[in-house]
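Start from the sequences, fold in the hints, and give me the full structure.
Residue numbers (the working numbering), protein chains in the order written: chain A, 1 to 346; chain B, 1 to 346; chain C, 1 to 346; chain D, 1 to 346.
A few of these clues could be false.
Note: identical chains are not told apart, hence a pair may lie in one copy or across any two.
Each computed DSS-like pair below joins lysine-lysine, with the alpha-carbon atoms no more than 27 Å apart [said to hold, decoys possible]:
| no. | residue 1 | residue 2 |
| --- | --- | --- |
| 1 | K300 | K165 |
| 2 | K40 | K259 |
| 3 | K163 | K300 |
| 4 | K335 | K3 |
Just so you know, the hints here were simulated from the structure itself, not pulled from any lab data.
There are 4 protein chains.
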Amino acid sequence: MIKVGIIGSTGYAGGELVRILSSHPNAEIKTVTSQSYIGKNYNEVYENYRHIKNLVCKQEDIEKMSQICDVIFLALPHGEASKKINSSVLQKTKIIDLGADYRLQNIDVYESWYTKHYSPDILKEAVYGLCEINREKIKTRRIIANPGCYTTCSILSLYPLVKEKMIELDSIVIDAKSGATGAGRSLSLSNHFCELNESVKAYKIASHRHTPEIEEQLSAAAGEDIVLSFTPHLIPMNRGILATCYAKLNDKYEYDDIKKVYEKYYADEYFIRLTKEGIFPETKWVKSSNFCDIGFALDKRTNRIIVVGAIDNLYKGAAGQAVQNMNIMFGMDEKTGLDYIPIFPV
Amino acid sequence: MIKVGIIGSTGYAGGELVRILSSHPNAEIKTVTSQSYIGKNYNEVYENYRHIKNLVCKQEDIEKMSQICDVIFLALPHGEASKKINSSVLQKTKIIDLGADYRLQNIDVYESWYTKHYSPDILKEAVYGLCEINREKIKTRRIIANPGCYTTCSILSLYPLVKEKMIELDSIVIDAKSGATGAGRSLSLSNHFCELNESVKAYKIASHRHTPEIEEQLSAAAGEDIVLSFTPHLIPMNRGILATCYAKLNDKYEYDDIKKVYEKYYADEYFIRLTKEGIFPETKWVKSSNFCDIGFALDKRTNRIIVVGAIDNLYKGAAGQAVQNMNIMFGMDEKTGLDYIPIFPV
Amino acid sequence: MIKVGIIGSTGYAGGELVRILSSHPNAEIKTVTSQSYIGKNYNEVYENYRHIKNLVCKQEDIEKMSQICDVIFLALPHGEASKKINSSVLQKTKIIDLGADYRLQNIDVYESWYTKHYSPDILKEAVYGLCEINREKIKTRRIIANPGCYTTCSILSLYPLVKEKMIELDSIVIDAKSGATGAGRSLSLSNHFCELNESVKAYKIASHRHTPEIEEQLSAAAGEDIVLSFTPHLIPMNRGILATCYAKLNDKYEYDDIKKVYEKYYADEYFIRLTKEGIFPETKWVKSSNFCDIGFALDKRTNRIIVVGAIDNLYKGAAGQAVQNMNIMFGMDEKTGLDYIPIFPV
Amino acid sequence: MIKVGIIGSTGYAGGELVRILSSHPNAEIKTVTSQSYIGKNYNEVYENYRHIKNLVCKQEDIEKMSQICDVIFLALPHGEASKKINSSVLQKTKIIDLGADYRLQNIDVYESWYTKHYSPDILKEAVYGLCEINREKIKTRRIIANPGCYTTCSILSLYPLVKEKMIELDSIVIDAKSGATGAGRSLSLSNHFCELNESVKAYKIASHRHTPEIEEQLSAAAGEDIVLSFTPHLIPMNRGILATCYAKLNDKYEYDDIKKVYEKYYADEYFIRLTKEGIFPETKWVKSSNFCDIGFALDKRTNRIIVVGAIDNLYKGAAGQAVQNMNIMFGMDEKTGLDYIPIFPV
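The following block contains the structure:
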């Protein structure tokens, strides 16, 4: 059994990690920590755990945890992980960081979009944990930067087109829609029920921090720098991300030309499901699962391609992918503990 | 592996059965049937199954199914199962009926609330499959009448009080609230999004068919006839039932007196979780699980007890309990394939 | 034009008051005050007012306001109004208090359910502003205790039965369901979108402060003391209250017997709409209006009556009724500024 | 009083027309017709009208109606209006058509996206009733093609940029999100509560019929042909459209450069509200109103502008704008009967 610790276990992503790992056949949760609920039984924080009596939120002590855990998951606000991780910790345990601190290899870009980085030396050890793209690297690294929710959905949707140079790279627009769990459990007027319910809005237009993350990964795939427009929207639902991605095709293509490219990269990927022609992903079909559904249409009138991707933001967009990374790091079947049919209607 | 057939697999309850049984370690789905989707791949009916390619909806043929299946689940509109089931079928296979046809032992009551019954002789073989109450009988019978969703929640909430004669039996009022999956996948104006969303209503007041079902079971527990008031309500959410049950106490009791009674019946029941004093069930804490949460308060000013029960209507209120019944019938650990932490927020 | 002031204008009830009064043909808003947003333009607090540029939140000064306003509305947390109101204020202006401080005539009951009362001498001047019941008194008083949302719906639903002594007074159970605006705009985990959405719960069982308010009014109608069970529930929707009320009939009645009684009291009440037999109120049909819809069924098997009432909690349950009270106090047509068809679907 | 008839009064747009016109000070509803509810009282079709007893759905007879009505509104499926309207009708009455039949001046484009057109001769008489753009023409015409919901929001959002030639015309992408009332009251699995709730999807990608409507109007503004990509999405809420519009700027502009252009066209438009820098429209702030909120951001990294527009699809996107057109046609103040503060939270 892999011994697991979870730091920041009482946010929504942390809670999803606890849940998935509790049912993982090869993992055993040794410690969960929390800043707000130290000493509380986990089932007082989340009453869905009512039947689980012996899980108590501890104060975080990464040094101590690194001695007893084979792997530690961190689900913390950005900036905090980079203060905690260091070589000493990494020698003793593996790290899967669900935050942003190790996602951008370019430290200047990180510091311009986020804050000061406290362990830039660790950065080169980290690999961006988008499993379907970086699987080989993930197998060998000790620290994984688990991708953001918007970015997972956006990159997977566009990767084959960028990699195969089928689109004009300066024409990419990503219009993404997220359920409210994406904003976490911290109280804010934006997430107050009556303010979010029955409305839709765009936010952080041209300034959302997932933008450079998408750009860095797609630029790497393209072999040249990409800048793109990314606009997140808040949808009155709990879970799910839909990314509607637009780009100009750089030639005349038929549907099947594009289809072959997506199949080249994803036909053997269990957690990516390509939809049939004329069918498009909807978030309900992936909810509570690790799947990413992808479909596309050609708009011949404008010679644009519109690619739609859908994931569960807490699952494939956070905790599920983190466990998928763990599975890869520890040489297990990637699907272990993650192979569930999405629940519908839920 | 237990060979399983599902008749009526494309309604919401049927879909939940397919999902739960697909992950059941000791069961293997041999056939799924549907009236509306014969010949269709199941993943065209429910796209959450997109990655499952080889499950096709067949035309129902219970005779043929009974030869290859160890157990057949039926999820059909009332009146249909009673036409299909007969001794010949029951000799070859076991039956778990999610409909109403075998739930009421009193045929007159059945026919006055429902319709003509076509196999009354089978009725005496059937046991009401409320696992926590009728477990011993379930072990030995070949046909199980799986309880209704409202009834499961209502009976479990009130059973200890009735059994121990702590309440005035003519004072019972059950005010129940259900999510929209309870009304199924058939189209109706009531279930049209804009008509149901952002509103709450009572329906079938003093005339809902789950009333006699609750009464028959509680009367059996009490050893005398009970009539009660049951009012269902439709809530703008997908899943969940909350039953708020009111009754006059027949003596002065303290909280702990009542608590002991609930613990007597339920302390060892894995799928029943009693809440602590001052905490009451909410449907979100049981969603996508087989748990039934129960809590109560004493209203000393009126000497009433208010018991609140919560279940997932498609899980413990339908498909989950059906699988729990299967597990009991086949001598397995009752939790097999059902032991999931409720997902939150979902 | 009636000059109006609104203290506590930036909560949901206050906001609804501002909106209704802004369109009132005979009223003119002179001042709005707020604790949290002093100096802010109202359209920064609520952006639906974006086109209204000149409404600014002032600091509260009831003395000063009483000199320029013909009537002051207060929408404050309980306990605050009783500190502000005194004879001097009441000599200069009329008061309509949307809070609880003057709703209970029995000061002991008030202090046992709420907090210390700071102006008990004013209490005898106040009338409980349930317009359809207390219209004559409202006409002549200078201070109105505007009823609570749950209480408005509950009392109107049961009043004719109690007044005409048709039910057993110790058998009353009120099971009420409210949308989330009832809990206001203050942040709490309970009202966080993902915690409230897709779930239903009971809360404050046997302890909600609207209980004594309902009891005091119904006791007055009955001419004897009533204690009853009242259970509020939180529904994942913005607006609306549905009260499902249960009572034992004290004799054998037919539907038309009861109907006549409701018509006796309500046939001429514009804002009360009795539903036809077999039709029951739904909150969607009264949303954004001052109507209270009422319907009932007889449960002959148990000899209970089930009465269902529906209102918009912010409208008839708060701001609309407050304006209705103003209209009565100032001798206007009661419907002035309130006669809107409910909006559907909204 | 203007005598008004409404054909197709029982769909959601028709219902909103009935509601708005019922409160219009200068209009009087003479007839409402329906295909599905002939002979039914309107308050049985929509119970929010419960207090309105004398409004009955008639069978449609446009000839007869044209003799008694000063204006007839049609809210019908596309293709039906073009069969009913002819010169004879237009001589007797004015027409405001909420359907698509007279929106496209190019008959070939109409027939390629829709169906055969039965009165192409009438087309040249019709004006596209986007009030803020075509006000002068609306004043003098007898037939108005009331714009589609998506189109109203999209065109108003982009019009100043196109008119002033500030963007690259082949770079326009419109990603629109609509509440479920946009799909009407007809039953479909897509609009079944549990299928639509808690999910988001794109639909009719690169093939939605509002595309040519947007293109024709923007092309007219630009003085050259525009083709663009338009993608509608379905959001789990009742009302509202948000259009997120992307385009490449054709030069370097500052925020204030763009702001001036929007103010040039809209500063005096009562029903258009420009948001402040950094603030973006949300559908909740315009719900139940005729306002269109518009805001924008410059994405300097990509030199794109992102414009966000929000309307209530049934109000400014249908019935409200239709009444605004009526007001203009009859020489009234454009705001008559439409000047309501949006309701929030509702």
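Please work out whether the CA atoms of K335 and K3 approach to 27 Å or closer within one copy, between two copies, in both situations, or in neither?
both (18 Å within a copy, 25 Å between copies)
How would you label the pair K40, K259 (within, between, both, or neither) given a Cα cut-off of 27 Å?
between (51 Å within a copy, 24 Å between copies)
At most 27 Å between C-alpha atoms: does K163 with K300 qualify within a copy, between copies, both, or neither?
both (22 Å within a copy, 26 Å between copies)
Cα distance capped at 27 Å. Does K300 pair with K165 within a copy, between copies, both, or neither?
This pair counts as both: shortest intra-copy Cα distance 18 Å, inter-copy 25 Å.
Every hint from the earlier list agrees with this structure, and none is contradicted.
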